[in-house]
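Starting from the given sequences, assemble the full structure and let the hints guide the process.
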Amino acid sequence: MLSQRRSLSFYLLAAFFGLFVLFLYGPMLVIFILSLQGPDGALTFPVRSFGFHWIIALFGQQRVGDFVGSFQRSFLLGVVVMLVSVVVGLMAGMAFRQRFVGSRVIFYLTISSLIVPSILVSLGIGIAFSLLGWSTNWYTSGLAAHLTWTLPFAFLIMVGVFNRFDRSYEEAARDLGASEISTFGEIVLPLIGPSLIGVALFGFTLSYDEFIRTSLVSGGRNTLPLEIFGMTTNVTTPALYALGTVTTVFSFLVITIAFVAYQIVSQRQK
Amino acid sequence: MTKITRRKLIQTGLAAGAFVATTRCAQNPAPLGTPNNPAQGPEVNTNQIADVTLRMIGTGVSQINEIKQKAEEDLGFKLELRALSTEENNQIAITQPDQYDIFDGEYFSLPLVVPSGNLQPVDISRITDFDKIVPIFTTGSLYDGAPVNTSQGTSPIRVMYVQGEDSSEFATEATGWATLIPFQYNADTLGYRPDLVGRTIESWAELFNDEFRGKTSILDIPSIGIIDAAMVAEAMGLMEFADKGNMTREELDQITSILIERKRAGQFRAFWKTFDESVNFMSSGEVVLQSMWSPAVTAVKSQGIECVYAPLKEGYRGWGGGIGLSRNLSGIQRDAAYEYINWMLDGWVGAFLGRQGYYSAAPENARKFMSEAEWAFWYEGKAASEDMVDPFGKTLEKAGAVRDGGSFEERMGKVVVWNSVMEEQVYLVQKWNEFIAA
Amino acid sequence: MIKSWKAIAPYVLIAPQTLIFLLFLIFPIATIVVVSFWEFTGYSMTPAFTFDNYIGIFTSQVTLGTYLSTFRFVGLVWLFTLLIGFPVSYFLAFCIEDVRLQIILFLVCTVPFWTSNIIRMISWIPFLGREGILNNLLINIGVTDTPIDIFLFSDFAVVLAMVHLYTLFMIVPIFNSLMRIERSLIAAAEDAGASGLQVLKEVIVPLAFPGIAIGSIFVVTLTMGEFVTIRLMSGGQSASIGYLIRNQIGSLQYPLAAANAVILLMVTLVLIFAIMRLVDIRKEL
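Chains as they are written, first to last, in the numbering used here: chain A, 1 to 270; chain B, 1 to 438; chain C, 1 to 285.
A portion of the hints provided could be inaccurate.
As the list claims (entries may be wrong) - Coverage of chain B stretches by chain C, computed from C-beta distances (three or more under 8 Å per stretch; other residues unrestricted):
#1 146-160
#2 214-222
#3 262-275
These are calculated hints, taken from the structure and not from any lab test.
Think of the CB as a built atom: it goes at the ideal place given N, C-alpha and C, for glycine as much as any other residue.
Here you go:
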């Protein structure tokens with residue numbers, strides 16, 4: 001009786017899950033199909049001919065915009081944000097292993113960085129820079145805006161990791177006379193290595209995809225998401241979808257690389 | 001906890017305010033044109049023009065990579081283009097003067113941009129072909145009795161000249177100093193899909209016709225959209241304006257309530273902000289009748305879809321774009337910028353953009369780069385003697401077709417109002433937001 | 001020496017992060033607050049201390065309408081992400097016993113998250129348009145003769161796209177909470193004769209509550225300041241407070257935009273702290 005009811009709910013839930021996956025991937029499939037059109041392709045159905053015309057066109061000269069340049073900027077920015085997030089997040093996570101005066105305030109300060117509506121961050125940094133007479137740039141104000149978004153995630157992940165961290169290894173090392181630094185380098189760091197890769201991956205992708213916080217502070221040159229948004233209003237060809245397909249493929253590559261790295265690091269620990 | 005942060009926030013805020021206020025004051029420059037402003041000595045030509053890179057901002061209309069390539073080839077220095085929406089373009093021109101060297105903007109934005117002091121007036125004596133520029137810009141009259149001579153709104157002539165080299169005040173008559181050197185311009189009107197509309201559109205009033213409920217669009221740029229709305233309201237006999245380009249608060253209230261009423265009745269399918277959006281609306285069939293810009297119509301046509309740029313009996317809404325120089329340009333950089341302006345007037349660009357339906361500031365120069373057939377079709381309103389091809393190689397019109405609205409004189413002559421900045425600009429934006437939010 | 005290092009270590013370690021937030025979060029927000037009292041013309045702003053911007057906002061009918069519209073989007077998106085997110089997380093956590101499969105299915109859910117949001121958003125346009133796939137399908141199977149307009153450039157399209165973008169932010173925290181529930185608790189409840197529904201109501205939902213709360217915080221903040229989805233999916237026809245602020249920035253009315261931003265911040269913080277009262281985030285990490 002019990003198992004029967006369970007199996008019914010199982011199938012219902014499985015069907016629901018299937019529909020959800022369809023909902024997630026369906027529209028992306030549309031983009032994918034529409035990006036593989038011939039030169040006479042348009043932004044909407046029907047597809048007139050198939051080909052790689054628009055994908056190839058993406059890497060050549062375009063009528064307006066600069067896809068390759070904006071991709072390079074986004075990639076570079078993503079890497080810098082990733083490194084800063086990992087280092088600063090790790091330090092902050094270490095700090096929160098002890099109680100200290102003001103930790104509550106800093107904890108909530110970090111949370112608020114996450115929950116302040118993004119447009120406020122963008123507007124605020126934009127106005128602050130312009131009033132100080134500094135010019136906005138993707139690598140200055142843009143970087144700052146990205147950090148307000150990635151650091152809270154890095155921090156929360158690190159606090160979570162250290163909450164579950166087993167201190168006995170560390171204590172054992174210290175009992176054996178290891179210095180503070182070598183305990184950290186040889187015990188703590190390898191143990192939290194996989195989580196650091198997680199933080200890095202998170203930092204990179206959050207930055208690589210960030211739109212609203214960057215929108216008012218990128219200065220003279222666009223990051224990739226801004227360029228894509230510009231293209232939604234400036235481009236009337238499937239080049240836009242081709243860009244979608246290519247960036248998606250790129251994201252998959254990054255995830256795969258990170259996933260493999262994670263596997264290797266955690267395997268080594270065993 | 002929250003108390004502490006709030007107090008801290010207020011303290012930081014006050015400190016920031018004080019700091020900001022002082023820097024503001026310190027930055028506030030002495031009135032321009034005072035003796036403190038050093039006279040410009042002779043410029044040393046160091047033969048480094050090839051090292052110059054000029055950063056240009058403008059709308060997608062002319063920020064085209066083909067133009068950039070040709071310019072770099074002909075001039076020997078580098079250009080960096082940045083395509084923006086009309087609003088962003090003005091915003092950057094006003095708030096971020098260090099982000100650009102050349103401003104490719106519209107005349108109607110000048111009442112906002114020029115007082116910011118971010119543009120330096122263009123020395124007309126350095127513009128070789130200034131005398132070949134169409135008189136709409138230089139004297140304000142096209143030919144005797146043309147409606148455009150008495151048009152409403154921010155017509156280019158009202159903002160063409162400033163009083164002197166360091167002035168940021170407009171001059172009422174010709175001086176040696178220009179705000180922008182005109183580049184391209186056009187007469188805007190409604191565009192429609194004849195296959196889906198099924199008849200000829202002859203009046204602005206059709207935009208609010210129930211027949212097209214849910215299939216029309218208007219542009220979501222307050223300074224331009226409001227004028228299209230005014231053209232419609234006037235054509236329908238709902239309102240009369242003293243000056244559509246400079247409405248009173250009462251007029252703005254009234255036109256907004258008409259717009260809101262139409263929006264609630266479901267007249268509009270969507271609003272657009274850049275001309276390519278209007279192309280997508282039209283070619284996907286979402287919209288069948290909307291206010292449109294000329295290259296949008298040609299872009300729809302180049303996809304093999306019929307689209308008419310309707311000559312309407314009430315006349316056109318005109319706009320003009322031009323090139324201005326950033327305040328921070330000097331020396332060899334400025335020389336390069338002048339070379340660019342002269343190159344731009346020389347005709348190649350004029351012909352390039354002409355094949356999309358724009359008019360060139362110096363048409364006679366553009367003609368040198370166009371075939372006889374192209375000139376006859378685009379400027380003289382004659383039937384195409386061969387297929388008309390756009391700058392990107394796509395056929396727009398088969399032989400025998402005639403340009404919508406006819407010749408240059410017929411089209412530009414019938415401009416009755418220009419894109420505008422009104423005295424009640426702040427109120428306009430507020431009312432427009434009400435319309436969008438309704 | 002060691003001892004004194006230990007005492008100052010947390011402060012040294014936390015300094016970079018605190019500094020970044022002070023410079024790039026607190027200082028900019030303070031600037032917004034200051035600027036919101038300034039005066040402006042069509043092209044510039046001048047330091048002043050005027051309440052005009054706030055008075056203008058509180059006396060305008062647009063403000064209320066815009067906030068109501070924003071709240072409606074927030075409410076609908078929250079409801080749908082929860083209604084979808086909970087069963088999906090439940091399925092992943094309780095119905096899949098093979099850990100490997102569990103990880104793979106979880107990744108399947110998260111992968112679209114790594115694609116540009118804007119691309120995911122616009123991918124709906126060819127799907128929902130008047131000549132889009134959905135309408136063609138409906139016409140072909142005879143459900144309707146004329147294309148249905150409401151699919152695209154409507155509030156429906158906005159909510160659909162936002163649910164599509166943000167459901168993941170609900171799934172991850174709920175899944176996380178569900179995975180922590182001791183399986184023995186459920187077994188015990190079942191042994192005590194509780195029906196499946198009772199187990200769900202009395203055991204699982206209460207224990208998943210922190211996850212739901214955290215997911216709600218994410219969804220609410222993401223939706224509150226939204227303007228891109230609303231702009232693209234409603235064709236510029238729907239209002240939200242984020243879009244209003246963006247429009248004011250576009251028209252160079254920075255002080256007015258700043259005043260609106262300050263109010264938006266207050267409203268968001270009130271909402272979030274209301275949710276936070278129900279859950280201790282630090283415990284849930």
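Claimed coverage, the segment 262-275 of chain B by chain C - three or more beta carbons nearer than 8 Å: holds (count 7)
Counting residues of the segment 214-222 of chain B with a beta carbon closer than 8 Å to any beta carbon of chain C, are there 3 or more? With 4 residues closer than 8 Å to chain C, the segment 214-222 of chain B meets the three-residue bar; holds.
Coverage claim, chain C over the segment 146-160 of chain B, checked by counting residues with Cβ within 8 Å (three needed): violated (count 0)
Figure legend: structure checked against the earlier numbered hints; the only hint not met is number 1.
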